[in-house]
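Enquirer: Please work from the sequences and hints to get the whole structure.
2 protein chains.
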Amino acid sequence: MREIKIGLLGCGTVGGGVITVLQMNKDIIEQRVGAKLTLAKVLCRPEDMTRPVLKGLNTTFELEDILNDPSIDIVVELIGGTRVAKDFLLRAMDAGKHVVTANKDVIAQFGKEVFDAVERNNIDFLFEAAVGGGIPIIMPLKRCLTANRLTEVLGIVNGTTNYMLTKMAEVGADYDTVLKEAQALGYAEANPASDVEGLDAARKAAILASLAFNSRVQLKDVHVEGITKITTADIDYAKSLGYVVKLLAVGKDTPLGIDVRVHPAFLPKAHPLASVNGVLNAIFVRGNSIGEAMFFGPGAGGVPTASAVISDIIEIARNILNGKPGAVGCTCYGDKPLCPIEEIVTSYYIRLLVDDKPGVLGSIAKIFGDAGVSLKSVVQTAHNKDRAEIVVITHAVKYKAIIDAANRLKELPVVDDVLGMIRVHSEDEAQKND
Amino acid sequence: MREIKIGLLGCGTVGGGVITVLQMNKDIIEQRVGAKLTLAKVLCRPEDMTRPVLKGLNTTFELEDILNDPSIDIVVELIGGTRVAKDFLLRAMDAGKHVVTANKDVIAQFGKEVFDAVERNNIDFLFEAAVGGGIPIIMPLKRCLTANRLTEVLGIVNGTTNYMLTKMAEVGADYDTVLKEAQALGYAEANPASDVEGLDAARKAAILASLAFNSRVQLKDVHVEGITKITTADIDYAKSLGYVVKLLAVGKDTPLGIDVRVHPAFLPKAHPLASVNGVLNAIFVRGNSIGEAMFFGPGAGGVPTASAVISDIIEIARNILNGKPGAVGCTCYGDKPLCPIEEIVTSYYIRLLVDDKPGVLGSIAKIFGDAGVSLKSVVQTAHNKDRAEIVVITHAVKYKAIIDAANRLKELPVVDDVLGMIRVHSEDEAQKND
Chain A
0 MREIKIGLLG CGTVGGGVIT VLQMNKDIIE QRVGAKLTLA KVLCRPEDMT
50 RPVLKGLNTT FELEDILNDP SIDIVVELIG GTRVAKDFLL RAMDAGKHVV
100 TANKDVIAQF GKEVFDAVER NNIDFLFEAA VGGGIPIIMP LKRCLTANRL
150 TEVLGIVNGT TNYMLTKMAE VGADYDTVLK EAQALGYAEA NPASDVEGLD
200 AARKAAILAS LAFNSRVQLK DVHVEGITKI TTADIDYAKS LGYVVKLLAV
250 GKDTPLGIDV RVHPAFLPKA HPLASVNGVL NAIFVRGNSI GEAMFFGPGA
300 GGVPTASAVI SDIIEIARNI LNGKPGAVGC TCYGDKPLCP IEEIVTSYYI
350 RLLVDDKPGV LGSIAKIFGD AGVSLKSVVQ TAHNKDRAEI VVITHAVKYK
400 AIIDAANRLK ELPVVDDVLG MIRVHSEDEA QKND
Chain B
0 MREIKIGLLG CGTVGGGVIT VLQMNKDIIE QRVGAKLTLA KVLCRPEDMT
50 RPVLKGLNTT FELEDILNDP SIDIVVELIG GTRVAKDFLL RAMDAGKHVV
100 TANKDVIAQF GKEVFDAVER NNIDFLFEAA VGGGIPIIMP LKRCLTANRL
150 TEVLGIVNGT TNYMLTKMAE VGADYDTVLK EAQALGYAEA NPASDVEGLD
200 AARKAAILAS LAFNSRVQLK DVHVEGITKI TTADIDYAKS LGYVVKLLAV
250 GKDTPLGIDV RVHPAFLPKA HPLASVNGVL NAIFVRGNSI GEAMFFGPGA
300 GGVPTASAVI SDIIEIARNI LNGKPGAVGC TCYGDKPLCP IEEIVTSYYI
350 RLLVDDKPGV LGSIAKIFGD AGVSLKSVVQ TAHNKDRAEI VVITHAVKYK
400 AIIDAANRLK ELPVVDDVLG MIRVHSEDEA QKND
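Going line by line, the protein sequences match chains A and B. Take 0 as the starting number for the first sequence in numbering that gives the first Met the number 0 and just add one per residue. Take 0 as the starting number for the second sequence in numbering that gives the first Met the number 0 and just add one per residue.
FYI, nobody ran anything at the bench for these hints, they're computed from the structure. Hints may contain errors.
[To be verified] Taking beta-carbon pairs under 7 angstroms as the criterion, some of the chain B residues facing chain A (in silico):
| # | residue |
| --- | --- |
| 1 | P135 |
| 2 | S239 |
| 3 | G290 |
| 4 | V302 |
| 5 | I313 |
| 6 | C331 |
| 7 | Y332 |
[Unchecked claim] Derived pair list, reagent style PhoX-like, types lysine-lysine, alpha-carbon separation capped at 20 angstroms:
| # | chain 1 | residue 1 | chain 2 | residue 2 |
| --- | --- | --- | --- | --- |
| 8 | B | K141 | A | K323 |
| 9 | B | K35 | A | K268 |
| 10 | A | K141 | B | K35 |
| 11 | A | K25 | B | K335 |
| 12 | A | K54 | A | K25 |
| 13 | B | K25 | A | K335 |
[What the hints assert, rightly or not] Listing some non-contacts, in silico: residues in chain A with all C-beta distances to chain B over 10 angstroms:
| # | residue |
| --- | --- |
| 14 | E2 |
| 15 | E46 |
| 16 | D64 |
| 17 | P191 |
| 18 | G256 |
| 19 | M293 |
| 20 | K356 |
| 21 | V359 |
| 22 | S362 |
| 23 | S373 |
| 24 | A381 |
| 25 | A395 |
| 26 | I402 |
| 27 | D416 |
| 28 | M420 |
| 29 | E426 |
We put the CB at the ideal spot given by N, CA and C, even for glycine.
Expert: The structure is reproduced here in structure tokens:
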């Protein structure tokens with residue numbers, strides 16, 4: 000039986016998961032490949048050496064030990080980040096190794112460089128784990144939905160923030176409390192910025208949009224707003240209006256260009272993504288043949304993410320035995336423009352803290368009108384003896400109009416604060432961009 | 000630019016959808032393939048010739064016109080059924096054509112013959128549309144979840160019955176009314192037997208189990224119960240007990256063998272499949288690396304199903320350009336035994352119509368006890384002046400025990416009828432088969 004050898008770079012959470020699952024499912028995996036699959040060497044840092052998962056494995060501190068070993072066919076990069084990983088990944092490719100990675104950062108920031116190296120070296124490069132953890136979404140987008148002109152890809156792609164928003168909605172806890180809880184459970188890092196400010200989701204949004212619309216979208220192209228300003232008040236208003244609040248990764252192919260953004264959104268309760276709770280992830284796509292489809296599962300975690308990494312390894316191993324790299328490389332054929340965020344048309348939820356006196360509603364309505372923002376619904380509630388809250392849902396308007404309205408509102412003496420300002424997701428947004 | 004030619008067999012609902020989408024998305028599809036994709040010939044019946052979708056296409060009444068045309072690379076079989084289609088499909092393979100089909104019947108009944116022909120001729124054979132319409136599920140099972148030992152695959156794979164059960168739950172309409180409505184909307188055929196008796200779902204269950212557990216499961220191996228006996232009373236009880244009623248295709252890899260069945264089930268409201276309503280389909284899988292995942296989308300319809308068919312065509316076209324058929328053929332390596340239905344362990348919901356007099360509950364409880372069935376909950380409601388309904392949820396028991404209990408109950412003079420008898424899906428079923 001032929002043997003296919005793997006060099007693993009990194010043995011953190013996902014690396015450890017890959018080692019565990021390769022051992023746990025060795026028999027079934029080798030049967031599916033039709034070859035022996037051996038973890039030949041693991042690149043570690045000295046401080047990793049005490050990890051029990053490394054027991055019995057060949058470890059090394061030198062990348063060259065792996066790159067210069069001609070018996071190693073596949074390099075699996077699970078270091079993460081861009082500092083070291085990008086260099087290692089490119090060097091592995093230039094050493095003629097097939098590469099598997101879970102590294103969303105490198106792909107979202109250096110996709111062109113990476114795919115140039117793939118083409119130059121005529122190798123297989125797979126990265127199923129870069130978006131949605133274990134969920135199969137990259138291969139479905141590259142190979143199973145190719146009959147479609149995809150117009151929309153929507154994702155709940157960050158488990159940390161989805162856990163936090165779910166908890167805020169379920170138990171009414173405030174932002175700081177659920178963040179601490181998420182940290183205690185290991186769902187959020189000590190420095191949670193990348194998750195709660197939306198950067199992690201933005202990398203995934205860039206990758207999803209690139210694949211869905213066949214045109215390279217990079218991290219810097221994504222408009223990003225995090226969940227740090229979301230309050231239980233916003234979540235309660237959402238609930239009473241028939242919505243849930245989710246951090247959405249949004250990609251749309253509009254007549255003005257690719258619209259790609261990450262932000263909290265009011266999502267109608269009936270939307271398939273609305274019932275995706277806790278640390279789970281899901282990606283929803285809309286295409287002109289399939290209509291709608293959704294892919295749902297675990298978005299993070301060592302063992303669940305290993306499902307995607309190892310399935311990529313198996314795919315490449317099968318290609319090696321078949322005598323050819325796979326038939327699908329880079330699929331960013333196009334060079335579509337980006338739709339400027341100022342032009343994006345959506346409805347908004349806005350919560351205003353105002354003086355509770357006659358005429359306030361009228362002066363606020365006038366400001367919205369002056370900014371060209373028409374209102375779908377207005378709810379006023381007494382807040383305390385002097386103040387009131389006004390909750391507005393607008394009709395779909397351009398972002399620049401809503402920013403204009405918000406700036407004017409802030410200058411109004413009776414307006415104490417403009418809070419909320421959360422986009423409302425509706426099915427017909429894309430059409431309204433015409 | 001290279002040209003790849005397609006011969007299409009059949010121009011019914013799905014065939015028409017394929018023609019429509021190939022024309023509608025010609026530019027984007029050809030960009031993705033990197034070649035011209037031409038529908039060279041369509042095999043029709045004389046009565047098809049008036050269909051507007053055929054306008055401008057080369058049609059033929061003779062299969063040989065397609066098989067003997069050496070310029071045709073890919074044959075797409077969309078005739079359906081087994082009578083003609085199986086023969087045509089095998090002849091296309093033996094003529095050296097790559098083949099795409101949506102034909103669940105042929106695969107579920109003649110899988111071995113078909114895959115023998117695939118291997119013999121060293122061709123590509125793809126059938127994404129055979130299960131779940133447009134939903135990518137076959138490729139994910141064969142290629143994206145291969146790291147996993149899959150233990151469970153659960154599907155809502157018949158849109159007709161899911162539409163009917165959804166309507167019965169939403170508006171309280173009875174079975175006959177919703178069936179007529181489904182027929183009027185074109186969701187159900189004039190003779191609805193294949194859908195409502197569960198045979199359509201059983202074919203898909205056989206295919207899903209074969210792929211998930213790498214061992215051939217055929218239609219005849221599937222235990223099948225349809226939805227014809229489901230009443231609004233059952234659906235109302237389900238609702239009040241925290242469940243929804245769904246027609247489930249179930250596949251489990253148990254220590255006793257592969258357990259594969261189609262039947263109505265009480266599904267907990269929190270299960271990801273529970274919110275899959277109307278004509279939509281979804282397939283839920285459980286594996287020892289990914290945990291849980293779900294694939295959701297349109298299970299039928301010409302244009303949605305064309306998404307899967309054409310994506311298969313594109314996959315094969317890419318392989319042709321790559322110079323090799325794909326690396327994955329038949330994946331039924333194993334020869335696992337089947338778990339006899341008598342041994343399957345689940346909880347049950349049972350509704351009994353009884354005389355409303357003292358001591359009835361006691362004699363019923365005794366019968367369950369004698370049959371070795373322990374009860375989780377019992378609810379008695381007055382039905383009319385002489386009769387009462389007793390609704391029982393049992394603990395998990397073997398099928399043979401529940402059949403035994405039901406037979407004994409029917410013989411009891413105070414029991415007027417044994418109704419319902421619907422399995423209750425719970426997460427821990429698989430374990431209890433040990």
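Enquirer: All the hints need checking, so say for each whether the structure fits it.
Expert: Hints, verified against the model:
1. Using the Cβ-Cβ criterion of 7 angstroms, the hint placing P135/B at the interface with chain A is satisfied: the shortest such distance is roughly 3 angstroms.
2. A cut of 7 angstroms between beta carbons decides the hint on S239/B: the least distance to chain A is about 21 angstroms, and the hint is violated.
3. A cut of 7 angstroms between beta carbons decides the hint on G290/B: the least distance to chain A is about 5 angstroms, and the hint holds.
4. Interface restraint check: V302/B against chain A, minimum CB-CB distance 6 angstroms, threshold 7 angstroms, status holds.
5. Taken as an interface hint, I313/B checks out: its beta carbon lies about 5 angstroms from the nearest beta carbon of chain A, inside 7 angstroms.
6. Below 7 angstroms, beta-carbon pairs count as interface contacts, and C331/B has none with chain A, the closest being about 11 angstroms; its hint is therefore violated.
7. Look at Y332/B: its Cβ gets to within about 6 angstroms of chain A, closer than 7 angstroms, so that hint holds up.
8. A threshold of 20 angstroms between alpha carbons decides the hint, and for K141/B with K323/A the separation of about 19 angstroms falls inside it, so the pair holds.
9. Among the hinted pairs, K35/B with K268/A is inconsistent with the structure: their alpha-carbon atoms are about 43 angstroms apart, more than 20 angstroms.
10. With a C-alpha separation of about 19 angstroms, the suggested pairing of K141/A with K35/B holds against the 20 angstroms cut-off.
11. Pair hint K25/A plus K335/B holds up; C-alpha atoms about 18 angstroms apart against a cutoff of 20 angstroms.
12. Restraint check: the Cα-Cα separation between K54/A and K25/A comes to about 16 angstroms, which is no more than 20 angstroms; the hinted pair holds.
13. Note on K25/B and K335/A: the hinted pairing holds, with a Cα-Cα distance of about 18 angstroms set against a maximum of 20 angstroms.
14. With a minimum CB-CB distance of about 17 angstroms to chain B, E2/A clears the 10 angstroms threshold, and the non-interface call stands.
15. Remark: the non-interface label on E46/A is consistent with the geometry, its nearest Cβ contact in chain B lying 27 angstroms away (cut-off 10 angstroms).
16. No beta-carbon of chain B comes within 10 angstroms of the beta-carbon of D64/A; the shortest separation is about 26 angstroms.
17. Against chain B, the non-interface label of P191/A holds: every CB pair exceeds 10 angstroms, the least being about 24 angstroms.
18. The claim that G256/A lies off the interface holds: its Cβ sits roughly 16 angstroms from the closest Cβ of chain B, which is beyond the 10 angstroms cut-off.
19. Not every CB of chain B is more than 10 angstroms from the CB of M293/A (nearest about 4 angstroms), against its label as outside the interface.
20. No Cβ of chain B comes within 10 angstroms of the Cβ of K356/A; the nearest lies about 45 angstroms off, and the non-interface call holds.
21. Non-interface status of V359/A relative to chain B is upheld: no Cβ of that chain comes within 10 angstroms, the nearest being about 41 angstroms off.
22. Residue-level check passed: S362/A sits 43 angstroms from the nearest beta carbon of chain B, beyond 10 angstroms.
23. Against chain B, the non-interface label of S373/A holds: every CB pair exceeds 10 angstroms, the least being about 33 angstroms.
24. Distance check on A381/A: its Cβ is at least 36 angstroms (rounded) from any Cβ of chain B, clearing the 10 angstroms threshold; non-interface status holds.
25. The claim that A395/A lies off the interface holds: its Cβ sits roughly 27 angstroms from the closest Cβ of chain B, which is beyond the 10 angstroms cut-off.
26. Every CB of chain B is more than 10 angstroms from the CB of I402/A (nearest about 35 angstroms), matching its label as outside the interface.
27. A cut-off of 10 angstroms between C-beta atoms confirms that D416/A is not in contact with chain B; the least separation is 37 angstroms.
28. For M420/A, the shortest C-beta to C-beta distance to chain B comes to about 30 angstroms, beyond the 10 angstroms cut-off, and the non-interface label holds.
29. Under the 10 angstroms C-beta cut-off, the non-interface status given to E426/A relative to chain B holds; the minimum distance is some 16 angstroms.
The structure is inconsistent with the numbered hints 2, 6, 9 and 19, although it conforms to all the rest.
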